[in-house]
Every structure is written in structure tokens, then in C-alpha cells.
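2 protein chains.
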Amino acid sequence: MAEHIVKSFDQELLELRNMIAEMGGYAEKSVLDSINALMRRDMEQAERVIALDGTIDALQRAAEERAILVIAKRQPLAQDLREIVAALRVAGDLERIGDLGKNIAKRVVAINGQMQGNKIFGGFNHMAELVLEQLKQVLDAFAQRNVEEALAVWRSDGAVDAMYTSLFRELLTYMMEDPRNIGFCTHLLFCAKNIERIGDHATNIAETVHYLVTGQSPSGERPKNDTTSTMPVEFPAVAN
Amino acid sequence: MAEHIVKSFDQELLELRNMIAEMGGYAEKSVLDSINALMRRDMEQAERVIALDGTIDALQRAAEERAILVIAKRQPLAQDLREIVAALRVAGDLERIGDLGKNIAKRVVAINGQMQGNKIFGGFNHMAELVLEQLKQVLDAFAQRNVEEALAVWRSDGAVDAMYTSLFRELLTYMMEDPRNIGFCTHLLFCAKNIERIGDHATNIAETVHYLVTGQSPSGERPKNDTTSTMPVEFPAVAN
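The listed protein sequences derive, respectively, from chains A and B. Take the first sequence: its letters are residues 1 to 240, numbered as in full-length UniProt numbering. Take the second sequence: its letters are residues 1 to 240, numbered as in full-length UniProt numbering.
Quick caveat, the hints were computed from the structure, so don't treat them as lab data. No experiment lies behind these values; they were computed from the predicted model shown. One or more hints might be untrue.
As the list makes no split between identical chains, a pair holds if one copy fits it or if it spans any two.
[Claimed, not checked] No farther apart than 20 Å at their CA atoms in a straight line, the calculated lysine to any residue pairs in the SDA-like style are these:
id: 1; residue 1: K119; residue 2: R41
id: 2; residue 1: K29; residue 2: D53
id: 3; residue 1: K73; residue 2: F9
id: 4; residue 1: K136; residue 2: N36
id: 5; residue 1: K119; residue 2: E129
id: 6; residue 1: K29; residue 2: M43
Using the sequences plus the hints, can you model the full thing?
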């Protein structure tokens, strides 16, 4: 048991970082697999994504407990304290990403077999690919303390929002064209919103990397192109 | 400056609790005012809710920093450590509630003047009243460390979810009846989902109160009656 007692602070930090890296891997898997399940109408894959969420939640709680205990035991200051606060924040964002992946997977189960046509899925795929790329890039940036790479992710959030706005309009158009589309398009609206929010969490992680390296949040407003929550609903202007 | 140096640990905890109480007051205000703005189509009130979110976010960051510094400085153990961890978790939930209130307010601005009829608002009002009551009750339970009151909130989450499911079906029916309803009903679907998620955060806070008092999470599954994300979309069964 001696090695536990003499464990160095650096070792404890490394273990915490490894827990976050493991959570990151699961969060990426949740997003990738839920989107694939949506594209392929794969119910079994959707069920596996739903089951994975419990693992991510448990890892978050474990990372939180570990982080708090390290703070209490070691009284870290400045950079070391930032390291632990950053781990707590990233774990929170990854847990939320797991929830969003699970929600997409639940909706895949709900819309099973009810989808007509494939043209809407092109937009989904494109948006999901960009968000997955952001998530991968920002987790790399966190692992490597690379503030430039984090800022690149931070700046690209507007592109995801613009895609979401376009997808939102497209889905509303399908709903207006044929009321039989309303049920599954409603689920797809929530799926699109979930993907957009996964992008927001990637942006949060980018801000955390910036804070971790520089001690400050990025300056300036976060780039925002999601205008759907303030989009007027005049008919038929919404379908423009 | 001497009083800062000799400030007791109890004083520091009290200050942290006061910060959370202040956040709780703002979060309640955000929910109440965003719902009132929705019911009354009050654009100015909606704008004030949107502006309030920055205050809640800033308070969360301040509470987080304060909590971490107290942990680092005081090395609290057991009950005192739980006190601080609980404050961190509650601050996180209150920050999310502020975001959800802001999103409802943004949608009030978006659907300005486009709503036909009032009958859907009865269901909204009923659901919002229940969620606000839960939020008030759980913040009282947190302030008073009252685990029984917290468990009462925890058990009532199923009722909110059932109301949300009913509202979801009702909104889909309106959309199917008349495509001119699709635009504003889509915004109302997201508003209803936001209210349901505010209820989820109240339930999270109830779990935190339980953890704070007993050292453990409540046993058993959280009561869940939101079946919309797994609701099949066969037409016209969805309107049943």
C-alpha cells in the first residue's frame, strides 16, 4: 500500500487527467454512435448509446470526488489549482455531451421506421461531422494544453450554429409541406438542437483550455450564428 | 483589513451559502418572468430576462472560485467538504436554470404576435406553476438542510414529465391541424422542453440536498414520466 501513501501530486494530477481522457473517449463515442444510429436507423446501436450514459455519469462523479479530495489534501495554488478546476469543468461538459448523445439515441428509437426520404440527412451528417471534429480537436487541445488549437475550435462554433439554423428551417418546411412529416421532424428538430448544443459544450471546453493556460477566459463575444430561438415565425417567411 | 484575515471557516461557508441563495432568487425570477412574458406576450419583460442571465452566470463563476479557494485554504473534511461540493453542484444547476429561462424569453421575442388562440397556454401555466413550486421548495430544503422536503420534490418530478408529455402531444395536434401553427408551435415545443428541464434541475438539487445531509444519493430510480423522446411518431397515433 506504500505507493498510495507516497503518491506524488503530479501522479494524482496525471490520474485525474487520465479520467478526463477516458470520459472524453466515451463522450466522442456517444456522439458518433448516436449519429450513426440515426443515419442507419440502427436500433441496437441506439440502445447501446443509451446504456453508455451511465458509465459517463459514473466517471464524472468519480472525477469530481477525486478532484475535490486532491484540492483538500494538497492545497494547490495558482497553476495547480487551475489544473483541477479545469478538470472539473471539462468533466461537467463531457457529462452533458453524454446526455445529449443519449437523447439523440432515444429519438432514433422513437422515429424507427417513420422517416420518409433521405434528403434531410445530408444536412445532419454535415453538421455532426463538424461537431465531432470540434470535439476531437478540443479534447486534443486540452490534453496538450494547446491554446491556439482551442481558440480555433472556439471560433468555429458559429459555423455549427449556421448549419443548425439552416437545418431548422429545412425541417419546418417539410412539416409545412405534409402534416405526416410533423411527428418525425419534431424529433429531428430536437436531434439537431442536441448536436448544436454538443458544439456549445466543445466551445465551453475550448474556453476552459484558454483559462487553464492563460488564467483568463477568451476575450470578446463567443461567435454565435444560431438565430433560431429568435427567428420570427411569420408564415411563410419561416420557410425562406 | 483584519476581519478578512481572521474570518472563520463558518463565516466563509455562510458567505458561500448566501451567494447560492442570491443565485437561487435570480433563477426563480428568471423562470417566473420568462413564463409571465410568454403568457402576456410581454417583449420588454422577455428582454429583461435575457439580460438577467449574465448576472446569474457571473454569480456562478464567483461561487465556484470562492468554493475552490475555501477548499484549498481550509482542507475541510467530511461534512464541511460535502457542504462545499453541494454548493458547487447547486450553483451549476441554478446557472443552467438561468440559461433555460433566457431561452424561453428569446422564444417569446421570436413568436411575438404570431400566436393564435389561448387554449394551449392553460397547460403551460399549469406546468410552469408546478415547476416554480418545486424550485422554491427545493431551495428552501437546501437552505434548511431538510431532506424530507427535498425528497418530496424529487418524487414530484414525474408529475412535471407527465404534463410535458401531454403538452407535447397537444402541440403536435395543433401543428397537424393547420400548417400555419407550425412555426410558433415549434418554439412552444422548445419552451415546454425547457420548463421540463428546469424541473430536472430542481430534482438534481433535491439529490444534492440528500447527499449533503446523508452523504449519499437517494436510492432507487428517479421517477420519470417524460416519454416524448421515445414516443413513436406513427400518424395519427401521436395525436392521441
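Structure-based check of each hint:
In the homo-oligomer, the alpha carbons of K119 and R41 lie at most 20 Å apart inside one protomer (15 Å), although the nearest pairing across protomers, at 36 Å, exceeds that limit. In this assembly of identical chains, K29 and D53 lie within 20 Å of each other by CA distance solely inside one copy; the values are 11 Å within and 32 Å between copies. Taking the shortest alpha-carbon separations for K73 and F9, both the intra-copy value of 10 Å and the inter-copy value of 17 Å come in at or below 20 Å. Proximity of K136 to N36 under the C-alpha cut-off of 20 Å is restricted to the intra-copy arrangement: shortest distance 17 Å within a copy versus 41 Å between copies.
Taking identical chains as interchangeable, the C-alpha atoms of K119 and E129 lie at most 20 Å apart only when both belong to the same chain, with a minimum of 16 Å there against 41 Å between chains. For a Cα distance limit of 20 Å, the shortest separation of K29 from M43 inside one copy, 16 Å, qualifies, whereas the shortest one across copies, 41 Å, does not.
The structure fails none of the hints (numbered hints given earlier).
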